[in-house]
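Asks: Residues per chain are reported as follows:
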Amino acid sequence: MPDTEDTFDLTPVAAPPTKRRGRWRTIGVLVVLALAVLALLSQGLLHSLNYFETIDQAMSSRAKLGTDTFRLEGVVRPHTIDRTSRGASFWMTGGDKKVFVDAHGSPPQLFQADIPVVVEGHFTSETSDTFIATQILVKHTASYIAAHPKRVKAPNGTVR
Amino acid sequence: MIKQLSQRLLGPVTLALLALTFWLGLWVTPPDRIQGNLVRLLYIHPAIAWVGLYVSFGTSVIASCLYLWKRTRSTIMDRVAYCAMEVSAIFITLTLITGSIWGRPTWGVWWAWDARLTSTAILLVFALGYLALRRANDDPELRARRSAVFAIIAAINVPIDHFSVDWWHTLHQGATVFTQNGNFLVHGSMLWTLFLSLFAFTLLFFWLLRARYRLEVLRDQRYAASLDEALAQRRREGVH
Chain F
1 MPDTEDTFDL TPVAAPPTKR RGRWRTIGVL VVLALAVLAL LSQGLLHSLN
51 YFETIDQAMS SRAKLGTDTF RLEGVVRPHT IDRTSRGASF WMTGGDKKVF
101 VDAHGSPPQL FQADIPVVVE GHFTSETSDT FIATQILVKH TASYIAAHPK
151 RVKAPNGTVR
Chain Y
1 MIKQLSQRLL GPVTLALLAL TFWLGLWVTP PDRIQGNLVR LLYIHPAIAW
51 VGLYVSFGTS VIASCLYLWK RTRSTIMDRV AYCAMEVSAI FITLTLITGS
101 IWGRPTWGVW WAWDARLTST AILLVFALGY LALRRANDDP ELRARRSAVF
151 AIIAAINVPI DHFSVDWWHT LHQGATVFTQ NGNFLVHGSM LWTLFLSLFA
201 FTLLFFWLLR ARYRLEVLRD QRYAASLDEA LAQRRREGVH
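Just so you know, the sequences run in chain order F and Y. As numbered in the numbering used here, the first sequence has no gaps in its residue numbers, which increase by one up to the final residue, 160. As numbered in the numbering used here, the second sequence has no gaps in its residue numbers, which increase by one up to the final residue, 240.
If you are wondering where the hints come from, they were derived from the structure by calculation, not from laboratory data. There could be a bad hint or two in this list.
[What the hints assert, rightly or not] Counterexamples of contact, computed for chain F against chain Y with all Cβ distances above 10 angstroms: (1) L40; (2) L49; (3) S60; (4) W91; (5) D102; (6) Q112; (7) Y144.
[Stated by the list, open to error] Selected chain Y positions facing chain F (in silico; Cβ < 10 angstroms): (8) L128; (9) R143; (10) W168; (11) T170; (12) G174; (13) L203; (14) W207; (15) L208; (16) L209.
Glycine included, C-beta positions come from ideal geometry on N, C-alpha and C.
So here's chain Y without its partners, still in its complex pose:
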């Protein structure tokens, strides 16, 4: 009952929170002292990056680990890993696009080859590589195992990407929310709107993941049904 209700409410609640985020971000929150109205990208770009780099990539890696562990190995884990990585690839792409849109008026360039941007681009290549690797194998078990191993290896880049702004000199700013001393560097209503955007985009991820997972189940069912139908047809042809 509660599960059904939460599944039914996930979409509308996500849309309502996203609408609230955009309303607060565009009209209610003040402009920044230096960046002016460019600061409004603060309510989109970090949230998209949070979902792409951590939530969805992390979900894919955890599901991959659970698939490789014999006690929890199941098609469900393989499907979750695959669907989450697909969402991750889209959100990492959006991270790079929104980052460029923000970078041009603030830094003065669309792109800089610093450690943060380069490691994010590499993470996108890894996500696309994962999806390509899945298409390269026809055997479902082999495909699941290889892609799970690949996802875990690719995950090494996530902490490198995250800490790159602390380890090296980058044009990209340092951490705003997850700072080393735990202090938030965003003030007042801007901070709460930022938190709201992180929450709203996280819900968006789960909504998209659920929809993508259902699509994958339907695709598998259709494939199995078409296989059964082909076998039955073959048998009928043999009988004549």
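Pulled out of the complex, with its shape left as it was, chain F reads as follows:
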């Protein structure tokens, strides 16, 4: 007869407390999850759900904003872009109001006239309409229109 009784103990044993262990692991997962969500919210949305202020909004709360840093959105006014060694300066419009932007740093690839942009920075003073920007972000629209590269270009650059 083989010595199975030495090798295998066949006496009944109590089942391990899987439910209790599972509960603690569940609580652990939920805690980690809550912390991860809070970390993401604190980065993104806890201070403001809006990523930027429009020019109208910024002008109406001009005194409150003062020279604080915030993000401002508007459309780049055509024929006002001046590329400088530090970056670019241009006029930005929103509604019937306009702001002069002096941006430091190189603008994004798609930066051009007549497109919406978001600039991060501050007004030079509480009454000034000059905005010193440290970053330009292009906010492209949701519309996609085909370019026609085969169309004839006039000498002045317009497409026929």
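Using the hints, position chain Y against chain F.
Replies: Only chain Y this time, still in chain F's reference frame:
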């Protein structure tokens, strides 16, 4: 017969439609007036987001609801919910990656903490949390019930993510296809290629779900067989 045929054709048709999408997207459709050739990401990113945020997450939530409802409760629903959430986690990750690749040359940054991007990142955390929650429980019934409840709670974030571009100011663009007034903002062949990509990636989801579901069934069968084998071995050892 029809079921078998459709199951057999699902893979080849999906691959053919994806190939057609890439051919149209890369070579046939024109560049965009402002974005130029960057617009070609339009045939990948929205379709991946559509599958990750709506189709697969939605399938998981519906299957979870059906599991919690006593009349439709079954292991099948639990498996579908689990497999769909796994696919969702992969596609949400791909959504964030392709979005960053698109964002860098257009916006000028890889990432922005706006409401759309942040809520999508939170949705990914929820999907990963769901998968972690399943691993935390050994009891199959308890695991199925808890994860189903969690999936339904996590689904609250889906409409927040979708409407975030309308409710708040975001750097991310507004809706292109599902606009509030029903107008499409994509023109000509670009629009049809976009629709084709949405359809092709939806088929890809069902193909992946089917493959993942079969894998899960095989895993359960293997587990049951190994359990039977272990019991039989134990009995044999006891007999000696």
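Asks: Run the structure past the numbered hints and jot down the numbers of the failing ones, going up.
Replies: 1, 2, 6, 7, 13, 14, 15 and 16
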